[in-house]
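Build the full structure now, drawing on both the sequences and the hints.
Residues per chain are reported as follows:
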Amino acid sequence: MASYIIKRLLTAIPVIIGLSIIVFLIMAMIPGDPALALLGSYATPENVARINRDLGLDRSLPEQYFIWVANLVQGDFGRSYILNRPVIDEVLERLSATLILAGVSLVLCSVFGLIAGIVSAVRQFGWTDRIVTFFVLIGISMPAFWLGLIFILVFAVQLRVLPASGMYAVYGGGDLPDLLRHLIMPAVTLAIVATGVIARLTRAAMLEVLRQDFVRTARAKGLNERTVIFKHALRAALVSIIPVIGVQAGFVLGGAVYIETVFQWPGLGAMLVQAVSTRDLLLVQGGVLVAATLYVLVNLAADVAQAMLDPRLKS
Amino acid sequence: MSETALPSAAAPQSGRLSSWQLLMANRLAAVGLFALSAILLIAILAPILPLPDPDITDQPNRLLPPLSPGHLLGTDHLGRDILSRLIWGTQVSILVGISATAIAALIGSLIGLSAGYVGGKADNIMMRLIDMLMAFPYILLALAIVAVLGPGLLNALYAIAVVNIPFFARNIRGVTLSIRHSEFVDAARLSGKGHLAILFTEVLPNVLPVIVITMSTTVGWMILETAGLSFLGLGAQPPTSDLGSMLGQGRAQLFTAPHVSMVPGIMIFLLVMSINLLGDGIRDVLDPRLRSGALNRPMAVTTIDRAVKPEPRKANAALLEVANLETGFRSGNRVNAAVKGVSFSLNKGECLGLIGESGSGKSVTALSLLGLVASPPGVISNGAVYLDGEDVLSQPDSQIVAQRGGRVSYVFQDPLTTLHPLFSVGDQIAEAITAHQRMDGKTARAQAVELMETVGIRDAQQRASAYPHELSGGQRQRIGIAMALANDPDVIIADEPTTALDVTVQARILELLQKLRRERGLALLLITHDFGVVAQICDRVAVMKDGEIVEQGETSDVLRAPQHAYTKRLIACVPELGVGRAFLDKVRPLFSGKGAEA
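Order-wise, the sequence lines are chains W and P. Residue numbers for the first sequence, in UniProt numbering: 1 to 315. Residue numbers for the second sequence, in UniProt numbering: 1 to 598.
No lab work stands behind these hints: they were computed from the structure. Don't be surprised by glycine CBs; every beta carbon is placed ideally from N, CA and C. Be a bit skeptical, because a hint or two may be false.
One side only, chain W facing chain P, incomplete, derived with CB under 10 Å [claimed, not checked]: (1) Ile21; (2) Leu39; (3) Ala43; (4) Leu162; (5) Arg216; (6) Ala301; (7) Ala305.
Written out as structure tokens, the structure is:
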């Protein structure tokens, strides 16, 4: 197992390098002069030259890339001109909030998606199946940002049971219960779409597995139906479900962009939206790169989990 | 890929008609199509509908609630008519969504087609790049692109199109790759057609359904995502507005006038939902695998629905006595009979062979005994299965489950598919034990190793932690037999236990079954299509054809003087060493005339 993990880790390195090249190139393709964009059209030539030197824009593209990567490795992601602080500080500060939100969402969508999918498959064409299928359809057609607004209207404005926005209460907040109260609505909203996707896939995977001969063998052994479904069938279905959960991590990280904006959650997504609006490009670069690397690592974890489940994959 | 044989674009007219009928037969898809057509119609008719100008502001009448006079859906924070803005905004959203889909489909398909068709290094490089793009969380890549291009509806459109290219490229490359070397492409190449001509006249038509499926399943998503970017203020900029930017602007009045943001939200939802319903319908029609309903879940147990309840007990019965068993497959409201009134009995230590061709109902008979006919859903409509004089089928489910692997156990045909691929064989045997006997895991595991030794597996201790794919076919079948022996059963039902194995291994497995039968006094019900196997180990034989037993008797008697023509044929089909060509001459008259289709 250890050797498999190391091998898999090594394959992640070129992917991360590739990501960095893409992010770098996207930023390098900016039309117009970034210095002018930063300073406005009344900039003096000296200031433009200084900014260009600061940004390393007076060098060749590969040179720029290597300098940029060398700086990244030392934790220097550049400086946000709008916020006037190092990008890495801002990104790391925001990252923890996003990790909490996205992490909880990923757990929610995995748990509920799996349950809904299994129930739906086991009761295929029954009422439960129809209800689940219907909700899945609604879930994946629903604009999450709109659903967030509805939640705020219902639970914060009408029922007044949950706070409408933020991560902690301004006065007297800061403890775990306070965090959880603030977390419920954004986490649930963020999880809805992914829950639908995972439920759909789990249903299909379970139906596929339940037709297999080894399920009949499990029944022929005299195992009760619960063991047949949850041990034998689910275990086999998980092999194809886990990579999908890995992919959903990307959708949850991306969806955080909307949800953090709607609920004013102080995370990476909300930061990115602001940075894009103010064209704070170094901040966008840093944020996207960190989020993408995180996504690669989650998928790596999913691959390892899959290999742990399926002995055939290790060889 | 051979399973997903795609309907060729040159399908006859009737084929297309039936696709349409199929789509309409799917009620949800029909609802989706209807809703989408209605929305499209209204959006297209926007210029001629009697609507106020969507951009005219009217400060005194701002934030009017829905159903106000002159403003059916009220007004927004600038006093603009929401209904009018909604219809115009819908038009923009649909246009943007469809354009983004078209761009992504065009570029993605071109990449996929050329990568799949050219193959080799170019394919490898292109796919690596695509993988790299897919390594980004989708929306973040779009954000980065918008960050560079600047906020704006067109830029949002490009961003969403770009991040969707990989989906198309991957799907289409897969199909192209699979038909690149098919006969009709080779034929076109040999006939002197150029590569481009082949790509567009031979490959493209066959890839088209995949493109359509990918488009129909992603267009809703793209509308949602562009709306999302507009909602964030990164898409449509004033005065242009789409549904997303309406929703985004309305957010500021969420507490005072929620309808301003709710109305465009409902519209996005309806639009995307109708597209998804239709898209799913299209996918089901174009993907024959789904259409055939192949994914129907097998039932957990066979339904027992007997019009006449037999006596639950029978005195002086044999160990296993099957009386007048009738089993069918349920399809819709009909039940297609597969086993029609089969009766036989099996005594302690005896071996009965149940022989017949595939489809004769012998396996269904065997599975019916303990209600294991799962797929398609089975129904036992008559008869009884007496085990020691007690009818198993009259017992409650939990008791039938307890009999499985307890007093009666099964050995199945292909041991690779019948063993669970993800559990070690030792665990699988141990599980069979603990399903029926209370004991701790360690003891069960030790017993499992003993059982493996009993069935002749060397280094059993070590092999117990192997997974099925690490063992040979013969070893796997020995594991299957060990599992069947786990609880010292009285009866073993072996369903074609040697069919998937090569000849030398077959002989050894049969020897093993014979030996176990002698040593343990097991009754063996052996299901096979091979009279050679029957002759080797069965005391008696029952011949099945079309769900009925046509002949039953001592093996030697049946072999010497078969009564039924079908039995004669089955016997004749056992090849003899050194007969050669004469074999065919011998067999031919038996298959001529009536019943030749068998």
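The hints, checked one at a time:
no.	hint	in the structure
1	Ile21	holds (8 Å)
2	Leu39	violated (17 Å)
3	Ala43	violated (19 Å)
4	Leu162	violated (15 Å)
5	Arg216	holds (6 Å)
6	Ala301	violated (14 Å)
7	Ala305	violated (13 Å)
In summary, the structure is inconsistent with hints 2, 3, 4, 6, 7 from the numbered list given earlier, while agreeing with the others.
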